[in-house]
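Visitor: Sequence:
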Amino acid sequence: MGSERRRLGPSQRGRNLRSFRLGRRPTRCCGFALRDGAQESGLQARLLRPPESGLGRPLRRHLPSEGGMSLDIAAFKQNYLVTGLNDEQIAGIFCLANMRRLTAQEYLVRAGDPAGDLFVVLDGRVVVLTPDGDKLSEVGPGSVIGEIALIDARPRTANVVAKGLVDVAVLPANELRRHMNNDRNMGFVVLANLARVLCGRLRQTNEKIDELFDKTSDSWDQAL
1 MGSERRRLGP SQRGRNLRSF RLGRRPTRCC GFALRDGAQE SGLQARLLRP
51 PESGLGRPLR RHLPSEGGMS LDIAAFKQNY LVTGLNDEQI AGIFCLANMR
101 RLTAQEYLVR AGDPAGDLFV VLDGRVVVLT PDGDKLSEVG PGSVIGEIAL
151 IDARPRTANV VAKGLVDVAV LPANELRRHM NNDRNMGFVV LANLARVLCG
201 RLRQTNEKID ELFDKTSDSW DQAL
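Read left to right, the sequence shown gives residues 1 to 224 (my numbering).
Since the hints were made in silico from the structure, they are not lab data.
Here the structure is a predicted model, which means the values were calculated and not measured.
Where hints are given, some of them may not hold.
Unchecked claim - Calculated pairs, EDC-like style, for lysine to aspartate or glutamate (alpha carbon to alpha carbon, straight line, at most 16 Å): (1) K163 / D123; (2) K77 / D87; (3) K163 / E138; (4) K77 / D123; (5) K163 / D210; (6) K163 / D134; (7) K77 / E88.
Generate the whole structure from the sequences, applying the supplied hints.
Guide: Here you go:
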């Protein structure tokens with residue numbers, strides 16, 4: 001097991017990242033060896049982190065394959081931001097992430113916090129709440145939280161709370177923007193995916209507003 005935690009040199013790290021293909025084994029990524037047990041069909045590359053990292057605080061780069069915490073890369077690949085990217089491009093984004101574990105009722109995001117990171121849920125479920133505590137939604141693996149940080153750094157508008165044990169990939173927005181600028185083709189795809197989802201949300205909001213106006217208009221007609 002000791003050899004599995006061996007760090008790679010910068011040149012070897014670069015070569016391994018270029019040759020990285022999700023779900024093929026053996027492989028390495030981001031300076032840490034990947035467990036040889038990754039399954040081709042499930043894209044299950046389990047990443048290792050230093051054993052001293054603990055619960056409740058960010059884990060540098062990787063979750064462990066031991067101690068009850070393991071990472072299936074397939075969960076990261078499910079997020080809509082990487083739709084249409086090849087495996088190497090997905091690996092490049094994944095390697096920007098820090099990994100974090102939340103316990104039940106722990107806040108991932110608080111309304112009013114600065115928006116410096118975006119998050120991908122890898123395991124478990126989180127609940128999105130208004131500042132007043134009303135439930136907006138509940139999401140699970142593959143969901144993206146706080147992606148507006150890619151566009152601006154305005155404060156968060158909602159609370160996000162872990163429903164139980166939750167593992168998330170934390171992507172610093174500034175690092176991701178730089179990475180997208182270095183690979184313009186990849187960056188275009190990510191922004192197109194983001195724009196498509198935001199347009200869908202805006203359309204849904206407009207439909208709800210129209211429904212509200214229709215109900216209000218009917219109420220006035222009945223009252224007159």
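Visitor: Against the 16 Å threshold, does the CA-CA distance of K163 and E138 hold or violate the hint?
Guide: 9 Å, holds
Visitor: Are the Cα positions of K77 and D123 separated by 16 Å at most?
Guide: Given that 16 Å is the threshold and the Cα spacing comes to 13 Å, the pair holds.
Visitor: Are the Cα positions of K163 and D210 separated by 16 Å at most?
Guide: Measuring from Cα to Cα gives roughly 33 Å; hence the hint is violated.
Visitor: Take the C-alpha atoms of K77 and D87, compute the straight-line distance between them, and say whether it is at most 16 Å.
Guide: Judged against 16 Å, a Cα distance of about 9 Å means the pair holds.
Visitor: Holds or violated: are the alpha carbons of K77 and E88 at most 16 Å from each other?
Guide: Since the Cα atoms of K77 and E88 sit roughly 11 Å apart, the hinted pair holds (cutoff 16 Å).
Visitor: For K163 and D134, compute the direct alpha-carbon distance and say whether it is at most 16 Å.
Guide: 15 Å, holds
Visitor: Please work out if K163 and D123 have their alpha carbons no farther apart than 16 Å.
Guide: It holds: about 11 Å lies between the C-alpha atoms, which stays within 16 Å.
In the structure shown, a violation is registered for the earlier hint numbered 5 alone.
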